[in-house]
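2 protein chains.
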Amino acid sequence: MPITANDPSRKSWLDIATDSDFPIQNIPFGVFLTKENIVTVGTRIGDFAIDLGALQQLNYFEGIDLTDDVFMQDTLNDFISDGKKTWRLVRNRIADIFDETNPILRDNKKHRDVVIFRMKDIEMQLPVFIGDYTDFYSSKEHATNVGKMFRDPENALLPNWLHIPVGYHGRSSTIVPSGIPVHRPMGQTLPNGETQPVFGASKLVDFELETAFITTDANIMGENIPVNEAEEYIFGMVLLNDWSARDIQKWEYVPLGPFLAKNFASSISPWIVTMDALEPFRTASPKQEPAPFPYLQQEGDHAFDINLEVGITPEKGEETIVCQSNLKYLYWTMSQQLAHHTINGCRINSGDMMGSGTISGPTEDSFGSMLELTWGGKNPIQMKDGSERKFINDGDTVTMRGFCKNDAVRIGFGEVSSKLLPPIPTK
Amino acid sequence: MPITANDPSRKSWLDIATDSDFPIQNIPFGVFLTKENIVTVGTRIGDFAIDLGALQQLNYFEGIDLTDDVFMQDTLNDFISDGKKTWRLVRNRIADIFDETNPILRDNKKHRDVVIFRMKDIEMQLPVFIGDYTDFYSSKEHATNVGKMFRDPENALLPNWLHIPVGYHGRSSTIVPSGIPVHRPMGQTLPNGETQPVFGASKLVDFELETAFITTDANIMGENIPVNEAEEYIFGMVLLNDWSARDIQKWEYVPLGPFLAKNFASSISPWIVTMDALEPFRTASPKQEPAPFPYLQQEGDHAFDINLEVGITPEKGEETIVCQSNLKYLYWTMSQQLAHHTINGCRINSGDMMGSGTISGPTEDSFGSMLELTWGGKNPIQMKDGSERKFINDGDTVTMRGFCKNDAVRIGFGEVSSKLLPPIPTK
Numbered sequence: 001m002p003i004t005a006n007d008p009s010r011k012s013w014l015d016i017a018t019d020s021d022f023p024i025q026n027i028p029f030g031v032f033l034t035k036e037n038i039v040t041v042g043t044r045i046g047d048f049a050i051d052l053g054a055l056q057q058l059n060y061f062e063g064i065d066l067t068d069d070v071f072m073q074d075t076l077n078d079f080i081s082d083g084k085k086t087w088r089l090v091r092n093r094i095a096d097i098f099d100e101t102n103p104i105l106r107d108n109k110k111h112r113d114v115v116i117f118r119m120k121d122i123e124m125q126l127p128v129f130i131g132d133y134t135d136f137y138s139s140k141e142h143a144t145n146v147g148k149m150f151r152d153p154e155n156a157l158l159p160n161w162l163h164i165p166v167g168y169h170g171r172s173s174t175i176v177p178s179g180i181p182v183h184r185p186m187g188q189t190l191p192n193g194e195t196q197p198v199f200g201a202s203k204l205v206d207f208e209l210e211t212a213f214i215t216t217d218a219n220i221m222g223e224n225i226p227v228n229e230a231e232e233y234i235f236g237m238v239l240l241n242d243w244s245a246r247d248i249q250k251w252e253y254v255p256l257g258p259f260l261a262k263n264f265a266s267s268i269s270p271w272i273v274t275m276d277a278l279e280p281f282r283t284a285s286p287k288q289e290p291a292p293f294p295y296l297q298q299e300g301d302h303a304f305d306i307n308l309e310v311g312i313t314p315e316k317g318e319e320t321i322v323c324q325s326n327l328k329y330l331y332w333t334m335s336q337q338l339a340h341h342t343i344n345g346c347r348i349n350s351g352d353m354m355g356s357g358t359i360s361g362p363t364e365d366s367f368g369s370m371l372e373l374t375w376g377g378k379n380p381i382q383m384k385d386g387s388e389r390k391f392i393n394d395g396d397t398v399t400m401r402g403f404c405k406n407d408a409v410r411i412g413f414g415e416v417s418s419k420l421l422p423p424i425p426t427k
Numbered sequence: 001m002p003i004t005a006n007d008p009s010r011k012s013w014l015d016i017a018t019d020s021d022f023p024i025q026n027i028p029f030g031v032f033l034t035k036e037n038i039v040t041v042g043t044r045i046g047d048f049a050i051d052l053g054a055l056q057q058l059n060y061f062e063g064i065d066l067t068d069d070v071f072m073q074d075t076l077n078d079f080i081s082d083g084k085k086t087w088r089l090v091r092n093r094i095a096d097i098f099d100e101t102n103p104i105l106r107d108n109k110k111h112r113d114v115v116i117f118r119m120k121d122i123e124m125q126l127p128v129f130i131g132d133y134t135d136f137y138s139s140k141e142h143a144t145n146v147g148k149m150f151r152d153p154e155n156a157l158l159p160n161w162l163h164i165p166v167g168y169h170g171r172s173s174t175i176v177p178s179g180i181p182v183h184r185p186m187g188q189t190l191p192n193g194e195t196q197p198v199f200g201a202s203k204l205v206d207f208e209l210e211t212a213f214i215t216t217d218a219n220i221m222g223e224n225i226p227v228n229e230a231e232e233y234i235f236g237m238v239l240l241n242d243w244s245a246r247d248i249q250k251w252e253y254v255p256l257g258p259f260l261a262k263n264f265a266s267s268i269s270p271w272i273v274t275m276d277a278l279e280p281f282r283t284a285s286p287k288q289e290p291a292p293f294p295y296l297q298q299e300g301d302h303a304f305d306i307n308l309e310v311g312i313t314p315e316k317g318e319e320t321i322v323c324q325s326n327l328k329y330l331y332w333t334m335s336q337q338l339a340h341h342t343i344n345g346c347r348i349n350s351g352d353m354m355g356s357g358t359i360s361g362p363t364e365d366s367f368g369s370m371l372e373l374t375w376g377g378k379n380p381i382q383m384k385d386g387s388e389r390k391f392i393n394d395g396d397t398v399t400m401r402g403f404c405k406n407d408a409v410r411i412g413f414g415e416v417s418s419k420l421l422p423p424i425p426t427k
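Quick mapping for you: the protein sequence lines, in order, are chains A and B. Position 320 (the first sequence) corresponds to 320 in full-length UniProt numbering; numbering is contiguous. Position 303 (the second sequence) corresponds to 303 in full-length UniProt numbering; numbering is contiguous.
Hints in this document: simulated from the structure, not taken from any laboratory. Errors might be hidden in some of the hints.
What the hints assert, rightly or not - Think about it this way: if two alpha-carbon atoms lie no more than 20 Å apart in a straight line, the pair counts; the simulated EDC-like pairs of lysine to aspartate or glutamate are:
| # | chain 1 | residue 1 | chain 2 | residue 2 |
| --- | --- | --- | --- | --- |
| 1 | A | Lys11 | A | Asp99 |
| 2 | B | Lys405 | B | Glu289 |
| 3 | B | Lys203 | A | Glu223 |
| 4 | B | Lys427 | A | Asp217 |
| 5 | A | Lys427 | B | Asp217 |
| 6 | A | Lys427 | B | Glu364 |
| 7 | A | Lys419 | B | Glu223 |
| 8 | A | Lys427 | B | Glu232 |
| 9 | B | Lys328 | B | Glu364 |
| 10 | B | Lys427 | A | Glu232 |
| 11 | A | Lys427 | B | Glu223 |
| 12 | A | Lys427 | B | Asp47 |
| 13 | B | Lys287 | B | Asp301 |
| 14 | A | Lys427 | B | Glu231 |
Bear in mind the structure is a predicted one, so any value in this text is a computation, not a measurement.
Pulled out of the complex, with its shape left as it was, chain A reads as follows (with noise of 0.2 Å):
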């Protein structure tokens, strides 16, 4: 079935503007809630958000087999579990409805009435409810730069790393929306050179830039994916903000992995960009150096030229930002991370989450945490308003943004924002 959403001539009769992460080329799905306190499946064109739940009352999805209710609610796991074959109906359908040359709906005021919002009116929920979140660790010049200084600089990367694309077990029920607020962690560290640990609030609270990706049902406990099947099993995308506390993290991750030091809160952009819309920006991933086993073997191109960028906003100051970085230098694609996680059998649902690491760049400006931008705090960065940053200041908002671009279509993800507050007191 043709993507005939992708058409980079199609315009739509909404205004848009020219540089908008959200062409009517991006149709990315959320869910919002409105100021009547309505909760649906939308889209978003430009900057207006779109009522899913509502065109197909009004008959605009007729002919697509979909249940009366897979919009009208508040996750998007429904819908995913219809599978890649309906979710490219609907976003055809979708750009068709919305493209110039179409009156039907463009033409009909009570309709548009009910279906279109301007984006300052609605408000953004978390798209999926997220059974199990997964975290990868697959750039390869964030693993070194951790290895050089946690480890061994000699021999930064672990013997297994460039054989496994190594992952572990993230929390959900903390992971939030772009504009929900972190509050810095309370815990456990040991200071430098001390062999007593020490209790307060963590003093190195970083960012993690990342992306996500959101699984659909995909096989039964028992049975694996194949690499060359796993992209069929990825709805889309989203901006994943993985916060960390590096000092809690340094003290009590040996020897079963991070724990408090990241499960505090992980945030994320709130429209999943599909893996059709990515499609005209698939490039090559970096080569594979000793080849991987034949169940990580794929051929093609299986990475996407994503540019993503992180910005740091002190309280009532200006944007600086720190970091300038891209998706396509993971070393581990997507389908092999997935192709990874079930070759032992292990089940992949609806609305699962997997982290794609830290996304660092061979460039210093290009590292995805201030970890490594400051090189452990040894370098910090200077900010417009004259301050400093060797990790993130209570006041602070920390926003990445991602988009793609060639020379016919722009397809972006908006952003994810959130705002590091200071500790709750402990009870």
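Assemble chain B onto chain A, guided by the hints.
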């Protein structure tokens, strides 16, 4: 509110074997499927399963503030969200309904016919939807044994272990109830003495003897749960076999912890035994030296005296008991685990599950995994059928049982029993 359901002198008009794990003083909660394909929340008395949805429809819970469909569901999550006061009211009421002196249900055959099932006629389901699964590592004996084998025998315990109830996130999607078979996982391993990994079926599949507790909604993101309030948020406990592939684990676990070595399956017993039912078996936990940080310090007894055992039954063979342990050996208590888990503001939801970690006792026959019992395969276990076991063979059924007992009453968990099958061929 007194826990009248615990009255040890109470007898039921139902016929209960004297050594049953489920006397009228237990009253656990679970979810079962009838032959008519109806799923309901239930309890168990002796070898009878009781349909709580039917009991509620027949008005037996009159006067208790419950939503109409709280038991006519396929999970206990909503009931658990109702909180400890409601759990206790319902459990006390069930004890009254089945008390030998109460004729109301006893003498109403029509009601009995729709409320009471024989265990052999129903199928137990997963009792809760588990949003997040955390596994701790709270047995000092287990952590010491593993440290001796895998790291440094002279410094077996890592420096953080006596300060932190070390834990990590597990996978919710592969938690299954007793009776569901488990497939041996495929994966990467590094053979002893080699520098290059190989791909194939795990050769070292192991059980881990654990218990787990199920929480109710406890906090908002950013807030902690004080250690002295933590037990208010624990609904009850199950037995947990945290299946592990030791060879996959050894190769993959640095630096982010176990992943595919654990997430192929975790099996639990289907009846959640309430903390109220376990109250008579409260006991002291091991002395903690050094004293933990104040947020982990608690007065009184917070361990529970629960006898545990593991048996292995070869295909068509006789069971050999390979381990006898007790939950009371755990260094860190459940309330300390929950207080630690939330000290950074991590949100806890209804139905979250937290595993104890492998429960190893002080003696060699009380170690909670084959890894420890056979000391890494060096000392195979002699089975009753004459065979030997270093780890678990295909066709073996691993059964864990747990019960508490004093002069007056026995409160048990039943069992978690699951068969290990060969891998499903890789696609």
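Outcome of the hint check:
no.	hint	result
1	A:Lys11 with A:Asp99	holds, 6 Å
2	B:Lys405 with B:Glu289	violated, 29 Å
3	B:Lys203 with A:Glu223	holds, 18 Å
4	B:Lys427 with A:Asp217	holds, 17 Å
5	A:Lys427 with B:Asp217	holds, 17 Å
6	A:Lys427 with B:Glu364	violated, 41 Å
7	A:Lys419 with B:Glu223	holds, 17 Å
8	A:Lys427 with B:Glu232	holds, 15 Å
9	B:Lys328 with B:Glu364	holds, 16 Å
10	B:Lys427 with A:Glu232	holds, 15 Å
11	A:Lys427 with B:Glu223	holds, 8 Å
12	A:Lys427 with B:Asp47	violated, 44 Å
13	B:Lys287 with B:Asp301	holds, 11 Å
14	A:Lys427 with B:Glu231	holds, 15 Å
In the structure shown, a violation is registered for the earlier hints numbered 2, 6 and 12, in ascending order.
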